[in-house]
Structures are given as structure tokens and as C-alpha cells.
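S.K.: Take the two lone chains and join them into the complex the hints point to.
What follows is each chain in one-letter form.
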Amino acid sequence: MLMETADETLATAAAQGDRAAFAILLARHYDRVFRLAFRLTGRRADAEDLAQDICAALPSKLRGWRGDARFTTWLYRVTMNAAEDLRRRQATRTRAASGWGDWEIARQDEIVEGREAERWLAEAMTKLPPDLRDTVALVLGEELTQGETAQVLGLSEGTVAWRMSEVKRRLKAVLAEEAK
Amino acid sequence: MTDQDEILKLAKALRAATPEPDGAAKAAALARAMENFDRLQGSADPSRQTSDRPMRAGFWTGIATMLNSLTSRGALAATASVAALAFGVVLTAQYAAPPTGPVIPLSKVTANELAAATTETRTEPSRDTALAATPGDAAKPASPLPPAPPALDDRVVAQAPAEMLAGQDAMAMPIEEAEAQRSARERKQIAEDGTLLLGRADEVDMTTMAPAPMADAPAGGEVVAGLVAPATLVMPDPQMIPEPDTEAYPDFDTNPVKLTAEEPVSTFSIDVDTASYAVIRSSLMGGYLPPPDAVRIEEMVNYFPYDYAAPEADEAPFKASVTVMAAPWNSGKQLVQIGLQGRLPAVAERPPLNLVFLIDTSGSMEDANKLPLLKQSLRLMLGQLRPQDQVAMVVYAGSAGEVLPPTAASDQAAILGALDRLAAGGSTAGAEGLELAYRVAEQMKSDGEVSRILLATDGDFNVGLSDPEGLEAYIAKKRETGTYLSVLGFGRGNLDDATTQALAQAGNGTAAYIDTLQEAQKVLVDQLTGALFPIADDVKIQVEWNPAAVAEWRLIGYETRALEREDFNNDRVDAGEIGAGHTVTAIYEITAPDSPALSVDPLRYGEAAATGAEGELGFLRLRYKEPGEDVSKLLEVPVMPGMGTVGPDQNFAAAIAGFGQLLTDAKYLGDWGWDDAVALALESRGEDPFGYRAEAISMMRLAQTLSAN
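Heads up: the sequence lines are chains A and B, in that order. The working numbering runs 76 ahead of the 1-based position in the first sequence. The working numbering runs 618 ahead of the 1-based position in the second sequence.
Next comes chain B alone, as it looks inside the complex (with noise of 0.2 angstroms):
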């Protein structure tokens, strides 16, 4: 016998000895654990403690009671079938309502959580709904209750019903009964396919917790009615009923095709944001798709760092590079993508900057994904600024106050201290921080330094004199002033997009969403120069095609930016910025007047000939002002055909504007689906040193799986 023999028996004898957890111990022990968990966050905020539902307590403490005590083989099996069917109601839900409830912070869940997830179940919103129907065969093991005696203590009772279902769930126990069978054979089928439970473990909450949106959602109604009775069973946490989605986006119609036989001109500001794709990814991370209306492809595409040409010194502050490539998705059009490439100021000779941090800390950020990963992403950046920059800190909740005056930014233990001391709670008057933040704004700016008012929040203006219309005049007509504001959104569920684009737009800032540290590290440090050092303001671009070369054309993109033809010439109509080093990317799909694939049929009388200079597809003339300067500047480049070397850059925008495209409206891309748009990423992911590329690949196959059922 050698060595190794007596380890490897002692190894398994232990592993064969020890025993499987038994249910109800583990039930017990994870109530316990919620309970202690709860009160320990009650004794830091004593606002947990209450719960609005004393009435109910003693309903459901029976029940507990009854699961706790109850250990006969059939009153095992009807806790399990509860399990069973409230698992049911998981799938059916989600099936049936669109994902309108707010997402917890933390929405990557797997197999193994499932019996977690479920334990999360909180249909209070619904229960009453669910309580008035006939339960149906459905809710039949939960009728027969026992009257119950009184609670003593409604937070245990909230829990405890709720591990209990988690805990009959993940026990091996010999259950005949079909409820059970089913339980464990659904169990299996989204065991096998993790990606799809990415999703569903954590719809689970955001179907169920969904309160009037839930009803009133198609289809949903009838299937999940009979069904949602059984996991009513699951007690809410008081502190977790959600408020209903207040998700806001801008509204607008995907670019259609145009004739450019009837409009040769196409007008647009160009758009530097990039909160768009993080809410999408936030979205797909979440097991879901966005709605279509988050999904802004120019944001997307402009996400991603591109190598483009920079400007030279002597020329204006950024350069176009035109490109003329084959479209991915059809072979009888062509993509014509336009790169802008902002001058990269040497770092050094920068400008002080004022940065006034204007935080929303009211009651709704107080989540992990809110408040306190603001926080981490702030400390962050500081270590980005000079000493002779200044920072101050402006909050509003309830009421606004200011917590940092200007201070240096060297002096890092004050601007931390103050940092720190931010806690959430109250209500939001975003309008009176805001006047306070240019206030503080104005004190610290002199001559020749940029001033800029990094707002934080998740949207929530709902509080204050102002509408967001006043909001965003008022903004407008503070950037004059050479005060600019930009938006970092934060945590979903009240995210008001299209405020919080709406506000950075007429700051001539940029919005972004942070949903994560890395892409606070992206947005706030790796980009910090641009984000905060415009080099252009107001730039526009017009695209003339000409109407011998190109019969059809489409902006990919770009709907919420589009300009009347007569704007782009006038100065006082407001665009978006250039930031330094920033890249900006436009892509036009344009069809040739004898390719087949023309969507337009000729039209037999009348057309006018077409007449154009030839040789070139179109025109592309630019509009923009330097920081700072009332009349634009302009810059003409015709595009030629077969203009610009088509590399990995243009492939993986073209596969992100694919990626969008599939998101919204894939009409125009035919056959061309997930499999291709997640090949051309691949082979066109370059260098891609911050891994951003491939975190979109990996975005393009949940999408994928995601938009299969």
C-alpha cells in the first residue's frame, strides 16, 4: 500500500460520510440569516423597521407556522408542489409580461440560484389581484390553511415562508406527487441552459414585482392569473415593494430609406453619448432584451475607440475619414461611414478645471448600483486630476446644499471626507441643486479655464419647480455662459433617459450610464479628457448625395439628432460637441441606382434624369464651432467611391450597427441575423486593448439567446 492510498481512502470516506444538507435546517438557518441581516440594516436606518401591512401578519405567519411544524410525508409534498407552481409562475410570467419592473442591483444569476431567486419572489403588488381570483387547481394546496396565531415579529414571517419554499425545493426527498416531477423536470430544462437563467432567475423579480404595469400588460393577464396564486404564498419584504418603472426613454421612428431622387440632403447633430450601449448591456446583464426605444445604434457604435486619422496641428480641431464598403448585410449596398477624429491636446498644457460634482442623493440612490458605486467611481477619477484643478460638491435631496466648497484637488483627504459623508435619502429637487451647482460653478471659473458640472443621478427630477423643459432651458442658457453639464445616470428603474440626455444635450455635455466600476473607468478616467475638454462645439453634418450615383439612401441611426436641412447653417442652432481625442462615427447605407437591391421601383413616368457631377456619391460638409466662438466654421469632403481602406475599425461598426439594427428593426438587414453580426465583431475585433470589443461579442450572444424565445 503506498502513501497515497490511506489519503485517498480518508478522502473518500470522508466525502462518501457526510451527508446532504437537510431542508428544513437550511430553511431555518437562511431565515435566520435574512432576520439577523434585516435587523442589522434596520439598526443603521430605522425607517426598515416598519411595515406598512400589520394586518396581513397573521395570515402568513400561519403559514410559516405550518411549514415549520408540518413534517407528515403529504404536507412535505404540498410544500414542495407550492414550490413547483410558484416556479411555474416564474416562467409563465416572464413569458407573458415584458420585463417592467425595476432590476435589483445585482442581476446575474445563475442555475445554482434559482431556489434563491425564488425566494426573492415578492408579488405583493399582485396578491390581492391573485387572492380575488378563484385560485384555481393551482392554489389548492395553500387553501386549507389553519387560522393562524398572531405574528410576532412580521420581518420573520416575510422570510420564512419564502426559505422554506427555497429550502422544500433544493431537498432530495422521495415526492411522487406529478407537481413535484415537474418541478424538478423544469428545474432541469433551465439548468441546461444557463444563459437563458441569466435572465430568468432575476425576471422573476422584475415580472412579479411589476406592480399595476403587470396587469395591465398584454397577454399576460389570464395565464399568469391562476397561476400567481401559489407564490402569494412568498411574503414581501416590506422594504422591497417596488415603485412602479418609471424607465423613461425618447421616442422616436427608426431612419427609413429615402429616395434620393426626392431627398438628396440629409442633416444631423452629431452625438458623442454613449449611454445608450451601457443600457442595453445593463439590459442584456439583466436577462433581457432593452426596449426598442433605449437602443440609439449611434450611441453604440460610437461607444467604441476607432483608430481614425488624427487632425494635424494647422488643420481644423478634427479630421473626417470617409469610408466605402460593402454592406455586411446586403451586397447590392454599400456603407459609407464617416469618422470624425478630435484633436488629442497634448495633456500637459490643459487648462484648469472647475468640476462642481452635482449628486443626487435622494432616497432612490441609496442602492449598491447607485450611491455607493458613484462613490467608488468619483475616487477614481480624482486620481486623474491635477493639483491646481478645483472640485466642488453640490447635493440635492429634499433639500440642496452644498457639501464641498472649491477645494483643490490635492487636497484629497477633504475631497474623500466629503465623499464619504454622502448618504441617500429624501426626495429630489434637482432644480434647486442645479441653480446652486452653476452658482458654485461661476464662483470658482476665471479666465481661460472650463467650468463643468458633472451631474450624478438616476433621473429622478420629479421633485421641484421645474419640468424638464425649463430644466433644459435653463441649462441652455447657463452653457452660454461657458458653464457646460454633463449627466452620469446611475441604476435603473427610474432612469430617465431621455432627461438625462436631454440635459447633457443642452449642456453640450455628454451623458453616460455607469452600471459598472469598469465603465466608470471608462467613462471617467481612460476618457476623462474628452469628456470634459470640448475642442468643437455645435458640429453638424450634411450629407448631399448625389442622385446619379446613389438612388437610395439611409442614416443608420441618429434619430433623436436629426436637423432640418436649413439648420446647418444657422449658428444659433444648437449640436452636439467634440471632446478631445473623442471619436465620432456616422454610417450611411446607400443603394446605386441599377443594383438590384434597389427597395424602390423606378418609376415609369415622369422621373427626371438624374443629374450630378460624376464620379461622386455625395458631398459631406461640416459645421462647427471652436470652444467658445459664436460663427461656425465649415469643412467640405466629397465621398468617391471605394473611398477610404476598409479595416477591422469600419468592419466592427458595421457589425455594431448590425448589432443595433437587430435590437430594433432588422427589416432592413434580411437574412443577415445574430450569427453574422457576431462573426463580423469577431474577425474585426482588432486589437481591442480594454476589452470593450469583446464585452459587446459576448452582449451579441445573450441578445441572441435572449431574443430566441
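Excised from the complex, chain A in its bound form (with noise of 0.2 angstroms):
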């Protein structure tokens, strides 16, 4: 109790004016929103321009807290929504499949041993549909649960939990095709 000042009452108080509180959120939330946003995208850049703008846009969405629900829950919901902004402009402008798609022809060239890994990850999330990646985003990236996957994503635990089976059911299909 002592540690740490929640993330509620920064946030209560940052809605409120409190510019030390929203500081130190921001100094403590920066990475977080940062690393979700590279698990939506696949892509430095895009990771740090959509973190950008969900800072910037932080303080009047801020406006909107309501403390219902945890702070990190209501962060990853305007970053979920970010990214899902980022994605339909760049859909007008580019290919669909946008994300983990242009990050991966990015590194074709740079594949080297030792980056098996990171080849293997750009080719399964390639494969799987943006509502799958962004599950696996929160639940595998953020080792959220999948209620609190659900929360974020304003979905029912259920829903999350057979997009949990699918990705495997996905994954599973990428390691026979590989197999082969």
C-alpha cells in the first residue's frame, strides 16, 4: 500500500489536472503501450508513431476515465483502439494485410541464422487474421488472461478463449506446412 501510487488514483487525479500524475503514469505506461503497439504492428516505426499519438491523445481521452475499471484495462483499450485506426488508414492506403506483413518482407533479405525465430513468428502472424493477432497480442504478449482479454477487447471470455483454439488450430497448420 505503501509502494506505489495506483494507476486509478494518478489517473483520477491527471483527469483532473494533476500534472505530476500524469507524468509519472505516462513515465511508468510509455513501454507498455510501446511494446503492445509492436505486437499489433510488427513494426518499430509503427509501434512508436501509434504510441505517439495514443500519448498524444491521452490527456483528453483521459477526460473519459472513469475509474471503472483497472487503468492498464482502459489503457490497452485505447491502444487496441489506436492500432485498430492506424490499421484501417493504412488499409486505404496500402494492402490489406498490413502489420506483421510488411515487417516480415522487411527482414526477408536479413534472415541469418539465429533469426529463425523471429522469421518463424512474422510468418505465424502473418497467417493469422488481425482479431486472432490482437488476441495474441494481449494474451501471449501481455500475459493478460483471458478475461481480462476479453475486458479489453469487449468481448465475452468464451469468445476469447475459442480465438485462444484457433490460433492453435493456425499454428499448428504453419508447423506442418513447415514440416514438410
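Honestly, the hints are just simulated from the structure, not real lab data. Treat the numbers as computed from the prediction; the structure is a model and nothing was measured. Where is the CB? At the ideal position from N, CA and C, for every residue including glycine. Be aware that one or more of the hints could be misleading.
[What the hints assert, rightly or not] To give an idea of the interface, some chain A residues facing chain B are shown, with a C-beta separation under 10 angstroms as derived from the structure:
| no. | residue |
| --- | --- |
| 1 | ALA97 |
| 2 | VAL109 |
| 3 | ASP129 |
M.R.: Right, dumping it as C-alpha cells:
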């Protein structure tokens, strides 16, 4: 109780104009936002842009902070929505399968020994549709429980469980293809 | 291959592929966020847009531009070492100077937030001095700055270097420079001690924010001077420039040991305030030890509810329980605890209440832990009122005004609406507001009803006609007409504890300090009845010690409540009141004539043979008035050896008394230290349904850590 001011307390204070609280909150969570952004987009540059957009929008978003969820849940939700927006914007100018696909292409010629895991990851992620990718980013990347993930995505826990089993199924297919 | 393996492989690969955030990108993002944050605040409050230092902007922009554009390894190293040195300042300054600055609202900061806290380092007041002083080696990275282009927006500038520092600091950069390594070392050292850090990070603000007092700080001056320079890179946000800390506490000296032969009688007024405990807690949570003058041991002890025997229906409105126990800190001494338990009248029978909230809405109240917390607190309290109770609201700031005419408590919509409309702004005209509040209170009062003004303030009574003494006299006069006054203190920085306490004392009310919503719950909800319904006024305690059984005595606490011996029987002398259900505890430490623990040797010549009734340790007299009466009544209880049963309550009260002494002047405690206090409190925690005692134990541990430096 003494160790750290709860995120929720800071968020409430920040929403009321407490600058110091906002600064602490940002410093505490930037990395988290960036990592999730990367896991959603698969590209460092996209992740940085996305994280910056989210940071820039956070002061006004915080006005909508009601304190009815955990701050991190709320922040994940904000991040997911921003990623979705980014995807939509990209879809209008490039091909629909953005994100990890680009990353994988950019990496193609750099593939060397030791990069095998990354190559595999990119391939696996590209083969997943965006909704499953989002779920993977939250469950496997952020290590949220299925319940927390459901809360972030606004889905039922059952849907998240189903999505994860779907991820498994598709991964198996990827592996089977590799084994050929 | 099982099902889980693919998932695990994906999870592992996903996490491994995720890069570390880039420091520069992070800094840029955070700067953008702060900029937007300020803009958003600014749009709500135009005054925030102004900067009083346009001349400086160019210089700071220059640094910002440099930090943002240089990417060579050398430059990164330079900025990193600046971060390291800024960090050095944090440590040095906090050792060198006592925390004299205002506490920012959210003060619990941990290791992870150190970078953020560094960002918060605003050194405006000391900047000029530091720049004027020879920067020394410490400042070298900062000195050869190119001239800067003019500023576009000095708010951005204000933030950028700071964010940059934080960003560099957090970045995993391959830097060999010694400064950078030192930075890492120091950070690690700090990170190893989370609790210490609580304070550290926060004190970055306090010490560096402190304006003039910083320069005056003993011992701090020289050490700080050289090191402050790099920190001056961090441009202050105009809004965060602190005002000097104007907290004021009453001066007093700790009660000394008295010789029964010379001074057998002890007289004091009871004190049911708890403000001191909350102030102490707020200090400790802020990461520094409270100023000794802010520690009033009786208020700490009285913060906690104790389970004393309640008076019977036909007895006096309160009952005294005396317990004699061995002093935990000295086996040769004993503690005599006098516990008063106020009667709790059946709640259903309570008369209707007339409450006037007198709310300070001066500019200094806008912090999150002041007006917003006050609004939340009053909302909590509204739930406790009955339909027949009446509420009115008067605000004061610049000019005083009635924002809510007397309204039945059942009309929650009107009351909540008025609460919501409160906004901070302007300076304080406390006296005018107070007069208006009394006028409103008198309008509301009809026969048999209790009227009370609840003054909510951060103690800023500095504008207006009256000096504190004049105000006090005024409140005392109004008390005679049957309108009481309680004071709720909010926020720190210019909390005028002395005035707050004096006003509540004069108004026959309680002074409470509200630092958290939990405290509001305790003061305004759980103990509402006691705080608002006096059952005994002018309660005075007098103890006469028997020289035959007690050679030395010492009253622990109550320094600010001491009365002259002759005041006891003088009904015109004001003293504290007991509210419904209140408990009040006073603790004496006594030493028997034959104890090896006597602090004064017996006189070789001329000591009069101790005479006194055999068997009695002393004699306790209590005077009180029924509310509204002018003539006092007397209660008498002889204090016998081994009186009462020592239970968890008594032990816990003793532990808290020890805690208070450790925070002030532990000279009477000998080897008994923090570990003993914590152990005693732990074993006597008892049932503790509200968690107050558990919290106190955390406070002790925190204080122990803080006092170890």
C-alpha cells in the first residue's frame, strides 16, 4: 500500500488536471503501450508512431476516464482502438494485410541463422487474421488472462478462449507446412 | 508436439522479437503528451497559458533543439551524464536540506518513477544562483551550448529537455563514460530500497522546488551549489513554480520530567483533535519525517478508538478508566493511562443538525488533494444526514458568498449541485466568510438544535481584516451563542496548523486534517456523531501525584493544552469538549521513589519527608460542563497501584505514545527504539476493524526507514 500510488488514483488526479500525476502515469506506462503497439503492428516505426499518437491523445482521452476499470485495462483498450484506426488508415493506402506482413517483407533479406524464431514469428503472425493477432498480442504478449483480454476487447471470455484455440489450430497448420 | 507447444513458441518468439522502446521516441512521445496535457488544462483555465519568463525561452529552446537533434555518441553521452548529474542533485539535495517545499499531491513514488520524478525536477528558484555560481565540472556538458533560435512555444520547451533527460536515462545505451555508469550505480542503489525511494523521488520536488528556504538551509548550501547546475537544464513549468512553504505549527517544548515534591499537580485540557496524526501520515507518505512541532502525541494516541467502559445512563456524560502498567521503555517506570469514554446517545434521538459548510475556494485550493477531495468528502458526509437536518454553504475567496441557502438535507440534488459548482480561484478572505457563515448559522438555529460551522480550508487566512488572534476571539465569542466551529484541513504547503488548531479550540470543535478519502470517511462518516454532538464542554483534567508513591512524573503530550493549576476551578477558562462516543486518552509516566530509574538523585539535605495517603498513586479530578451550562461539575477518581486491566488498547496506546516520542524527542526512551514500537503495536493490534492500527504500524516502519538516514 505504501509502495506505489495506484494507477487508478493517478489517472483520476490526472483527469482533474494534476500534471505531476499525469507525468508519472506516462513514464510508468509508455513502455507498455509501445510493446503492445509493436506486437500489434510488427514494425518498430509503426509502434513508435502509434505510441506517440496514443500519448498525444491521452490527455483528452483521460477526460473520459471513469475509474470503473483498471487503468491498464483502459489503456490497453485505448491502444487497441488506436491500432485499429491505424490499420484502417493503412488499409486505404496499402494492402489490407498490413502490419506483420510488412515487417516480414522488410526482414526477408536479413534472415540469417539465429533469426529463425523471428522469421517463424512473422510468418505465423501474418497467417493470423487481425482479430486473432490482437488476441495473441494481449494473451501471449502482455500475458493477460483470458478474462482481462475479454474486458479489453469488449468480448465475452468464451470468445477469447475460442480465439486462442483457433490460434492453436492455425499454428499447427503453419508447423505442418514447415515440416513438409 | 502438444497443443501448448505452439502457443508457447509463439509467446516466446513474440516477446523476444519485441524491441526495447527507443529513448528518443519515448521522450518525443512524452513531450507531446505533456504539451497536449498543458494545452488541455490551458483551455479550461486561460491563466495557465501565460509564462512569466519569455526572455528565457530562447536559451531553453536551444538546449531542447540540441538534445533533440544531436545523435552522435558523444552527444548522447553528454546528455546521459547530465541526467546522471541531475540525479546526483536529487540525492545530495535531499540529504543536505530539510524538505521545505510544498508537497505535490501524489507523493508516493517508486523506483520506476524515478525518471519521471527527475522530469519533475523544477529548479526555477535556485537556477539563477546556480548559474551565477561557477558551474564546476558538473556543469561542463551543459556549458558549450550553441546559441538558440527563438522559441515557438515555451511550454514545449519547458518540457522537452526534462523529458529528454528522462528518456535518455531510461534508454539502454552503450555508454562507457564514468558519469553514465555512476548514474546506473546510483539508480540501482536506490532501486534496491523501495521504501526510501518513496521519499526520494518526491523530495526531488520538494528540495529543488523550495525557493528561498533552500538557500537558507543549513549545511546544504555549498554541497548543493555545484551540483545544482546541471539540474537547471530542466526548465520549470510556470505553473509549478512553488510558493514558499508557509506551513506553520505551534511551538512547544516537550513536557519534562517533574519532581512530585516540587510540583505535584498537573493540569491540562483534553484534546480530541486528530489532525496531527494525519499530518504526520501525510509527511511520512511524502517520504520525509514530520517537523517535530507537527507531532502532538496526544492527537496521535487519540486518533485511534479504544474500547473503554462507557458511562451508565444516570452517570456523568463520560466515564474515566484508569490503568496502571509498566512502561514498555523502562521497567523502572510505570504508565498511568487515563481513558475517557463519552456517552454515545442513541443516534435516533439526536436533535436536528444545522451545518454550515464554510469552504475556502481560494486559488491555493485547486490542487487535487484540496477542493476535489473536499467535494468528495462532503458528498460522503451527506449520506449520513437526516431529512430534518439543514445544510448551507458559504464560500470565501476574494469575496465571500452564500452559494447554498439553508437547505433540507433531503434535497440532495440542490446540495450536490452547489458542491459541483465550487471552483477554486482568487485569494482568501477568511474573516469575511466566517462572519457570513455565522450569520447563516444563526438564521438556521431554532431551540434545542445544534449549529455547527465546518470550515474547510488549507489554512490560508492571510487576506482579510483579521489577524489569527482576532479571529480566534471572534470565534470564541460566537461559541458563547451556541454555534460551534470545526476545522477540516486540506492539502499541504501552506497548511496553517497552528491557526487551524487555535480556531477549532476556540470554536469548541475538532480540528481534523483530511489527506485521503479514507480519512474523510473516518472523520466525516464513522465519527460524524462525535464530531458534531458535544456531550461535555470544557473538560479539564487535573492529577495530583502522591509524593509518597510517585517521585517523578511526566505527562506525555498535551504540551499545547497545558493549563495553570488555578485554571482548573475557573469555569471561565476554556478547555476541550468531548463529543458523543469520543474516547480521549492521556498518558503519564511515573517513577516510584525507590525505583532505580529515577532521573534525579534525592537531595542530601532538606528534603521534606514525603507525606501522603498510603496506597494511592495520585488523585484524578475532572471538570466538565454539560453543553450549554455555565457551571462545571467535578468527577474524582483516586489512582491506585495496579489499577485497571492492561489489554491490547493500553499497549497499543503506549506503542503510539512511543512512536510519537521517537518522532520528536526520544530522550526518555533509552534503548527502546523503532523495532520495539513496531513489535508492541503489532502484538496489541487487536481487532482493528477499520485497519487504523495496521496503518499506524506501516507508518512506524516507514518512519523507521526514513529516520535511519
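S.K.: Evaluate each hint against the coordinates.
M.R.: Structure-based check of all given hints:
A least Cβ separation of about 5 angstroms between ALA97 of chain A and chain B falls short of the 10 angstroms threshold, and the interface hint therefore holds. Interface restraint check for VAL109 of chain A: the shortest CB-CB distance to chain B comes to about 9 angstroms, inside 10 angstroms, so the restraint holds. Hint status for ASP129 of chain A relative to chain B: holds, with the closest Cβ pair at about 9 angstroms, below 10 angstroms.
Violated hints are absent here; each numbered hint is respected by the structure.
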